[in-house]
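Line order of the protein sequences matches chains A and B. 1 is the number of the first residue of the first sequence in the working numbering; add one for each residue after it. 1001 is the number of the first residue of the second sequence in the working numbering; add one for each residue after it.
Heads up, some of the hints might be wrong.
Unchecked claim - In the DMTMM-like style, the derived pairs of lysine to aspartate or glutamate whose C-alpha atoms are separated by at most 20 Å in a straight line are:
1) 59(A) x 1109(B)
2) 1010(B) x 54(A)
3) 1077(B) x 71(A)
4) 157(A) x 1011(B)
5) 1042(B) x 60(A)
6) 1077(B) x 60(A)
7) 59(A) x 1040(B)
Keep in mind that the hints were calculated from the coordinates and are not lab data. Computed from a predicted model, the values in this text were never measured in an experiment.
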Amino acid sequence: MADEALFQFLHNELIQYVYKSSEHGEMENGRCITKLENMGFRVGQGLIERFTRDTARFKDELDVMKFVCKDFWTCVFKKQIDNLRTNHQGIYVLQDNKFRLLTQLSAGKQYLEHAPKYLAFTCGLVRGGLANLGVKSIVTAEVSVMPACKFQVMIQKM
Amino acid sequence: MAVCIAVIAKENYPLYIRSVPTENELKFHYTVHTSLDVVEEKISAVGKALVDQRELYLGLLYPTEDYKVYGYVTNSKVKFVIVVDSSNTSLRDNEIRSMFRKLHNSFTDVMCNPFYNPGDPIQSKAFDGMVSAMMVQAC
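In isolation and in its complexed conformation, chain A is listed as follows:
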């Protein structure tokens, strides 16, 4: 895998680009976040196809989430999720205490209002990966103190 700094720089520029290209007129924060999330979705689908090529079949949903926390996160961010919590009713909370894409922003509460932009792509990544594995979900992220952040995955039962 290439050096992770390359992806971090590209990711930062991506966010700047999406926001700049929407500056004409409306400052639609929501639409930019959606664009970033959709990009992450498509990337997640492809990535999961590559990463699960050689792994065994998954037994159930919890197995899928554990795979996302351990192998998927390691492949993308070179570390595992620090904490996985669930209420066994379709809601999972993934906690990362030192999220790679946020470590360069700040080490506390500075720039907190810009943090959601930097998490949108990763939310899409998780959603795309899960969708390709057959798990329909909604992924949101929240951050209170950087660089720790929590991703909440809500499984949609069809």
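Following the hints, put chain B in place on chain A, whose structure we already have.
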């Protein structure tokens, strides 16, 4: 050598299907369609652990008098089905597994192609080329 190769999406519609003696194409489509039932049965076999639950290769799905049908399912629930001629008894399990391996690798490459939308029929020339190499040479 395979007689027919099909890639089926997780919603059970075909993404790619090709057979070699092109006049009997409908018969192969039908064979692949009926083999989907067997694939579902193998995937959801909870009690009877005859097939290793965690494996992707499903093995021989069912033999007919002319053909044998093999199946493989990926983690993203995309199914590959290969139909081979029954008279070709020299094909061993390992060869079928390696054919599925190649199919899976090519499919992964198609998935990562930014011009491909997941769910569309596969139109990649590289995938076509790889499949042709595996099919029987039509005389």
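So, going through the hints one by one against the coordinates:
1. Between the alpha carbons of residue 59(A) and residue 1109(B) the distance comes to roughly 25 Å, so the proposed pair goes past 20 Å and is violated.
2. Between residue 1010(B) and residue 54(A) the CA atoms are separated by roughly 18 Å; this keeps the pair inside 20 Å, and the hint holds.
3. As the CA atoms of residue 1077(B) and residue 71(A) are separated by approximately 19 Å, the hinted pair is consistent with the 20 Å bound.
4. Taking the CA atoms of residue 157(A) and residue 1011(B), the gap is about 16 Å. The hint holds against a cut of 20 Å.
5. In summary, the hint linking residue 1042(B) to residue 60(A) is supported, as the alpha carbons are separated by about 16 Å, within the 20 Å threshold.
6. Among the hinted pairs, residue 1077(B) with residue 60(A) is consistent with the structure: their alpha-carbon atoms are about 13 Å apart, no more than 20 Å.
7. For the proposed pair residue 59(A) and residue 1040(B), the alpha carbon gap of about 15 Å is at most 20 Å, so the pair holds.
When held up to the earlier numbered hints, the structure conflicts with hint 1 and nothing else.
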